[in-house]
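Protein chains: 2
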Amino acid sequence: MKRTAFFISDGTGITAETLGHSLLSQFEAIRFHKITLPYIDTVEKARLTVEKINAACEADGEPAIVLDTIVDEDVSAELAKSNGFKIDVFSTFLKPLERELKTHSSYTVGKSHAIIEMNRYKDRIDSVNFALDNDDGARTQQYDRADIILVGVSRCGKTPTCLYMALQFGVRAANYPLTEEDLENPKMPDVLQKYRHKLYGLTIDPFQLAAIRHERRPNSRYSSLDQCDFEVRTVERLFQQQDLPFINTTNFSIEEISTRIIAAKDLIRRVN
Amino acid sequence: MKRTAFFISDGTGITAETLGHSLLSQFEAIRFHKITLPYIDTVEKARLTVEKINAACEADGEPAIVLDTIVDEDVSAELAKSNGFKIDVFSTFLKPLERELKTHSSYTVGKSHAIIEMNRYKDRIDSVNFALDNDDGARTQQYDRADIILVGVSRCGKTPTCLYMALQFGVRAANYPLTEEDLENPKMPDVLQKYRHKLYGLTIDPFQLAAIRHERRPNSRYSSLDQCDFEVRTVERLFQQQDLPFINTTNFSIEEISTRIIAAKDLIRRVN
Numbered sequence: 001m002k003r004t005a006f007f008i009s010d011g012t013g014i015t016a017e018t019l020g021h022s023l024l025s026q027f028e029a030i031r032f033h034k035i036t037l038p039y040i041d042t043v044e045k046a047r048l049t050v051e052k053i054n055a056a057c058e059a060d061g062e063p064a065i066v067l068d069t070i071v072d073e074d075v076s077a078e079l080a081k082s083n084g085f086k087i088d089v090f091s092t093f094l095k096p097l098e099r100e101l102k103t104h105s106s107y108t109v110g111k112s113h114a115i116i117e118m119n120r121y122k123d124r125i126d127s128v129n130f131a132l133d134n135d136d137g138a139r140t141q142q143y144d145r146a147d148i149i150l151v152g153v154s155r156c157g158k159t160p161t162c163l164y165m166a167l168q169f170g171v172r173a174a175n176y177p178l179t180e181e182d183l184e185n186p187k188m189p190d191v192l193q194k195y196r197h198k199l200y201g202l203t204i205d206p207f208q209l210a211a212i213r214h215e216r217r218p219n220s221r222y223s224s225l226d227q228c229d230f231e232v233r234t235v236e237r238l239f240q241q242q243d244l245p246f247i248n249t250t251n252f253s254i255e256e257i258s259t260r261i262i263a264a265k266d267l268i269r270r271v272n
Numbered sequence: 001m002k003r004t005a006f007f008i009s010d011g012t013g014i015t016a017e018t019l020g021h022s023l024l025s026q027f028e029a030i031r032f033h034k035i036t037l038p039y040i041d042t043v044e045k046a047r048l049t050v051e052k053i054n055a056a057c058e059a060d061g062e063p064a065i066v067l068d069t070i071v072d073e074d075v076s077a078e079l080a081k082s083n084g085f086k087i088d089v090f091s092t093f094l095k096p097l098e099r100e101l102k103t104h105s106s107y108t109v110g111k112s113h114a115i116i117e118m119n120r121y122k123d124r125i126d127s128v129n130f131a132l133d134n135d136d137g138a139r140t141q142q143y144d145r146a147d148i149i150l151v152g153v154s155r156c157g158k159t160p161t162c163l164y165m166a167l168q169f170g171v172r173a174a175n176y177p178l179t180e181e182d183l184e185n186p187k188m189p190d191v192l193q194k195y196r197h198k199l200y201g202l203t204i205d206p207f208q209l210a211a212i213r214h215e216r217r218p219n220s221r222y223s224s225l226d227q228c229d230f231e232v233r234t235v236e237r238l239f240q241q242q243d244l245p246f247i248n249t250t251n252f253s254i255e256e257i258s259t260r261i262i263a264a265k266d267l268i269r270r271v272n
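Each protein sequence line maps, in turn, to chains R and F.
Residue numbering for the first sequence follows UniProt numbering, starting at 1 and increasing by one per position.
Residue numbering for the second sequence follows UniProt numbering, starting at 1 and increasing by one per position.
Careful, some of the hints might be misleading.
Note that identical chains are pooled: a pair holds if it fits in a single copy or bridges any two copies.
[To be verified] EDC-like cross-link-like pairs, simulated, lysine to aspartate or glutamate; straight-line CA separation at most 16 Å:
hint, residue 1, residue 2
1, Lys86, Glu100
2, Lys34, Glu184
3, Lys102, Glu28
4, Lys122, Asp136
FYI, nobody ran anything at the bench for these hints, they're computed from the structure.
Generate coordinates for the entire structure from the input sequences, incorporating the hints supplied.
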């Protein structure tokens, strides 16, 4: 069974898309063809969107799901003319919120949003630069400024996690790779000693690690299952000996790894 | 006027937080103290959360706003005991969706979600690695695999935009800096000629550029307003001469820059 789902917004579409994915993931029996249409901010664009929706309804033989976060009433009214099944997020929640907050919402497309975004911008860029500058143990003299320092073997997911924490939450995350040298005579590198309270370990299933490394350096010792297995076992023992909190990334998404670490270490989100 | 707002989830909290920010940004008159509580997945955790909410209600002298995306009915019922004003996203939308789709939702915490996430994982990591490998013109031999190649002067926002497109949408984005050499006798670098269809320009207000560069290299020629002004004017003229699409990043968030480029170039999102 297949249904088309449209996520429509007068802005980036990220809110509509994020909520849409969450809601539709609760219906496992149905395969959704998902289409995000951002920046639908004029009646004319809405009219063209209605044509697309109606074409999908006809092709599927069922009404398309239409989830939108459009604020402008004229644009929203035009969109309501489609044959799709419309979920109107803002009108559903803004009216009760207005009553509770005893004030009118601005209903101004992206207005206050833009202000918030600009405040967020600098912290996020700073954090991204911090993550890039402090990737892979490149520098350690900035660890005083770090909110968190991820440690783990090569290719266990440190870099994407640092970048995600920076972009999504403005968290300044450094990462330090534990190399063979650190693992042969297992100990925490000297440079990390004074930052114990900032350290968080990542580990990973050895089979998955071998597969990931294999893509970088096929048929090398580095990517052999023996080597991966040795490194993972050693690093996990080291985390335990040092009483270091750690997370196994194997079955988690980047969002989950990041938000679990932030929650566990009670980190301040600079972007909010 | 100040109100506390809680975004509560049994998972990462990203859906609750994203929707919450969008809704509350419509109320400019009110200053919200926003608190995200992820992984509230047991009745006991919900009970502790209710205590936090009630404490905030008492401190504010007004009910806190409580927006949650909890699926489990017992956990949700416990949370409903708070004195906050509860916006229950899932129960509001899942019931009508069940009727429309003529099927029950799984109501299984994070179950199908986890499956989706794992499929997304590899594409995202690949795209992040692609962005890092192809940052700042480091390599050009992989441009055949690029979905998009951002061009612009140093520090105009290319790298964070590439990383965001990779993490959020699985888009493979490279970037190439236009240096003084390219701009003194303005022309598009040879290596980019055969990828014209993949190029997208970024530009920026010269004052903002000078401020950003100043943080990296204070009081240098590189960060002087004269130099920034020269580079920006030249690069914009080059974009126009070459009939290259471009966006001024000055007043846009990273989300907006990314989604506008993806929409304008009709790029395929690998993560969906």
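Quiz prompt | Violated hints - listed by number, lowest first | solution = Of the numbered hints, 2 and 4 do not hold.
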